[in-house]
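Hey, can you work out the whole structure from these sequences and the hints?
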Amino acid sequence: MSQISTLLPIIAALPFVGALLPGLMIRAGRNVAASSAALITFLALVMLLVEAPAVMRGEVLRADIEWMPILGLNVSFMLDGLGFLFALMILGIGLLVILYARFYLSRKDPMGQFFTYLLLFQGAMLGIVLSNNVLLLLIFWELTSLSSFLLIGYWKHLPAGRQGARMALAVTGMGGLAMIGGMLILGDIAGSYDLDVILSQGEAIKASPMYLPALLLILLGAFTKSAQFPFHFWLPHAMAAPTPVSAYLHSATMVKAGIFIMARFWPVLAGTDAWFYIVATTGLITMILGALIALFKDDLKALLAFSTVSQLGLITMLLGFGSPLAAVAAVFHIINHVVFKAALFMSAGIVDHALHTRDIKRLGGLAAFMPITATIATITALSMAGIPFLNGFLSKEMMLQEASEVVWMGNAWLVPVLATIGALLSVAYSLRYIMHVFAGKKRNDYPAEPHDPGFGLWAAPALLAVLVVLIGIFPKFFVDALVAVSAGAVVGGELPYYSIKLWHGFNAALYMSTIAVVAGAIFLSQQRWMAKLWDATPRPEAKDLFDSLIAAFVRLAAWASGGLHNGAISRYLAIFIVITVGLGFISFTGGTNVAGTRELLPIPFVAAVAWVLLVVASIAIVTHHRARFTALVLLGIIGIAVSLGFVYLSAPDLAMTQISVEVVTIMLLLLALNFLPKKSPVESGNLRRLRDGLIALTAGGGIAALAYAFMIRDFSTISEFHLANSYIGGGGTNVVNVILVDFRGYDTFGEIIVLGIAGLLIFALMEALLAGKASQRLATWADDGNLSRDRHPMMMVVVTRVMMPIAIMVGVFIFLRGHNQPGGGFIAGLVVAIALLMQYMASGFAWAQERQRVEYHSMIGMGVLVAALTGAGAWLAGRPFLTSAFGYVELPYLEKFELATAALFDLGVFLTVVGAVMLALYSFSRLARRAGEVANVDPMDFDPSLDTRPAPEDT
Amino acid sequence: MELLVASAIGVLTAAGVYLILRLRAFPVILGTAMLSYAVNVFLFSAGRLTINAPPILQKGVETYADPLPQALVLTAIVISFGMTAVVVMIALGAFLETGDDAIDIPEEDK
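Chains C and G supply the protein sequences, listed in that same order. As numbered in my numbering, residues 34 to 988 make up the first sequence, in order. As numbered in my numbering, residues 568 to 677 make up the second sequence, in order.
Quick caveat, the hints were computed from the structure, so don't treat them as lab data. By construction, the Cβ of each residue, glycine as well, lies at the ideal position given by its N, Cα and C atoms. Be aware that a few hints might be false.
Claimed, not checked - Covered, in the sense of this in silico footprint (three residues per stretch, anywhere, with C-beta under 8 Å from a C-beta of chain G), are these stretches of chain C: (1) 606-620; (2) 711-717; (3) 756-763.
As the list claims (entries may be wrong) - Here are some chain G residues pointing at chain C (derived, C-beta under 7 Å): (4) 580; (5) 602; (6) 616; (7) 620; (8) 644; (9) 648.
Here it is in structure tokens:
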């Protein structure tokens, strides 16, 4: 009986898309913003009602969009009776709340923001009730926690609002985490994350050993959301929100989400002992406790908040009973509670709005001043009390009837008595809302002049009050079908016979109800002295407990992060290295090894010399690192030894890269060292040096052992593919270069971007330094005077200038042959950069800069652009990004030669490398200029061609 | 030969680690440079060692050195230059701003 509905995804998406509207429309005024929010909600509601006839016939509507099928995560929606009921409440009450909020919020409140948050929340709630995939449901569930945080904390200037929002987020977010675990277990048992599949596996789930953990985790999520004991404490604190938010979140939506989960999963979770004792008992305790606290609260909204806790407890208890008839009662009470509670919150908001106080002690006798509000409040509060001819009476009777038949641990009277007490207390607090606020003597010390509000503010609650009466008198006509179809969806099968009507004859429920009403009224008359007693009784304050718990977590986090991250980088690095080595050791000893079979290479004499050079230089760096120039020279030796190693071990490209990078790195460090202390002071004691030495030796030994271990073993590699396809597919014989520009062109593309960013970053840092404190320090820089007086030696100037064209030609040559012989864009770029750098060094900064025509920034940009355009060119041929093409061209008088798009890509690499390297070194030179280095006009300090000496005198 | 390369990696790593645990910016930069050598050679050696067989295709030649680690190391060398340059600039900036090139946050600033 399932049918495809294309409207479902649109209904679910509409509030999210529409959430943008009020935020934008607020510029056109508050009415436009509110109307846009209302329009979105109204549209969604209309679409929902279009689907109503099918749902009422008992059909299940579905819509599936594949998202990540491999993970079992699909955007799939389902609309059955239960989902329809909740969607109707979310959208219907949503519409009324938007109307109410338009007139409730003051001019100072950013209304566009409010409606944006409200629509986001509405979308998240709709998502929960329409999801047919539990993973999707969980996403929406978390979204409700987040968007309700924004709504509860809407009045950001109020500390209570912020704290309430944080508490709600912490509690419901934590519950959400638990629920993720529970849902995953359910999905695991059922073998699918699709809700309809899970719901059909009731027997398997209840029989599974994982049933209890799943149940507990899901209930944790539902109880925290629905404010069930002992997680009820967040709800009253969330009352710091504006009243429209409370009316929405705490009647129709947020807190009902937990109820929805329990109802939705009723077929697969309910009916066991565990379910009964956990859910029904929690509901019972919550019902009584909430009602008791509500009776003694003096804040109007706090009273309603705890009454909500109590009513939610009632619904939870009914679901916990696990019988189909109790489920019917639960669904019916969900409807009734939404209707009267939303109206009650709105009436409390009206009182607050008019009198600027919610303190019951300062109210009373308002009926004469605010007849409309008083009428609405009286009708709805009486409904909450369960008085006949109002809707609350009907479901409360059903609840009492069900409770009267429940046996708890072999005890047949416990639940009926407690349920009656719960009903009694709710009569008491409902009547208190009427008697202590609206009835009684008029007072003359109200904080503000009491008056009925304009139509806009009372329209919504009045409509709900009318519904309360209509449902109460004509239940068959108004709700019978809706209750039947949604309760049918909860139970997941046929419902036993029942009848919603006013008069059931003299049954247990009627007696209990009568006792409750009479005793409740008596109870209320004694409220004042009991309140004194209540206030005098010491009891744990949930907020203090919560705050101290959070504070303890904060201290724990501060202790852990403060202990590990105390501002000493050397400490983090030491911890990091030790742990890394430790993990390596554990995994090494934990695995199995086969002996190495690879034939080892002989050690020629030259290699041994290079090795000795490297080892001696490394040790010397460690012992002499304080003398920084010496250390730099030693670093150069190591670089050369490494390059030699690459030459010997069949890696010509690497050798060329390493040696040219070595040159620019050393130049860079020399430039930097100019402005750094030339010596490091002795700071660490012997013990610390010993510790660091041990760490270093362990790390070095570990990595050497690892390297040796894999070098003596053979392996299979994907390089065979590269070797086989380099020429056929990439058109080049230098496989390394073909990999760079073709097979792994995307990597290279990313890398040149990183390099370009590094160059620009250095430039930006330099600019910032020159604008700041460092600039003054540089301006007053005093070098140690131990410098050469001949800054631009003639020899060097001449040699570098002669070499310049040769060096550039070598660069071009290396670039061009790169595809087939060692070389390519990276190496060519470095070579050309070195050639340019030499001009700067020999002839001076100003002289060289004057002759620099292309900006280095634009060179980086051009390089990346050329590479990107080359890659994008492949799209024109209908190929993926960076697919290369090549062909052979024959020109007269020339040998046949190859043209490949890869060469163009390599040009991009070349340009970026030159730009980035030059920009980095240029930036360092700028610092030197600031430090007072005089810009030279001539290339040489002394030009021998200009003979300025006086001619020798004739003898 | 394998033993030489492995021990060289080890020595470079040990020296690099010791230097990055020093308390001044300059030795730390030297240390990262040493570690870059070590890591590059380590990655390179993952392709196993071969002599007289550069990955330049030639007619009639069947064995070549593994080209893939070489390609990866090539870009790594260039990138490590960029990284060193940025770190040097930061260190220089820190020294010029504060007049001190200690890398740990001083006690009073924590």
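Now for the hints, and whether the structure bears them out:
1. Here the segment 606-620 of chain C counts 3 residues with a CB under 8 Å from a CB of chain G, which clears the bar of 3, and the coverage holds.
2. Counting residues of the segment 711-717 of chain C whose beta-carbon sits less than 8 Å from any beta-carbon of chain G gives 4, enough to reach three: the coverage restraint holds.
3. Restraint check on the segment 756-763 of chain C versus chain G: 3 residues with Cβ-Cβ distances below 8 Å, three needed, restraint holds.
4. Because the smallest distance between the Cβ of residue 580 of chain G and any Cβ of chain C comes to about 4 Å, under 7 Å, the interface hint for this residue holds.
5. At a threshold of 7 Å, the smallest CB-CB gap from residue 602 of chain G to chain C is about 10 Å, leaving the interface hint violated.
6. For the restraint placing residue 616 of chain G at the interface with chain C, the shortest Cβ-Cβ distance is roughly 5 Å, inside the 7 Å limit, so the hint holds.
7. Interface restraint check for residue 620 of chain G: the shortest CB-CB distance to chain C comes to about 5 Å, inside 7 Å, so the restraint holds.
8. Satisfaction of the interface hint for residue 644 of chain G is found here, the shortest Cβ-Cβ separation to chain C being roughly 5 Å, below the 7 Å cut-off.
9. With a least beta-carbon distance of about 5 Å to chain C, the hint placing residue 648 of chain G at the interface is held under the 7 Å criterion.
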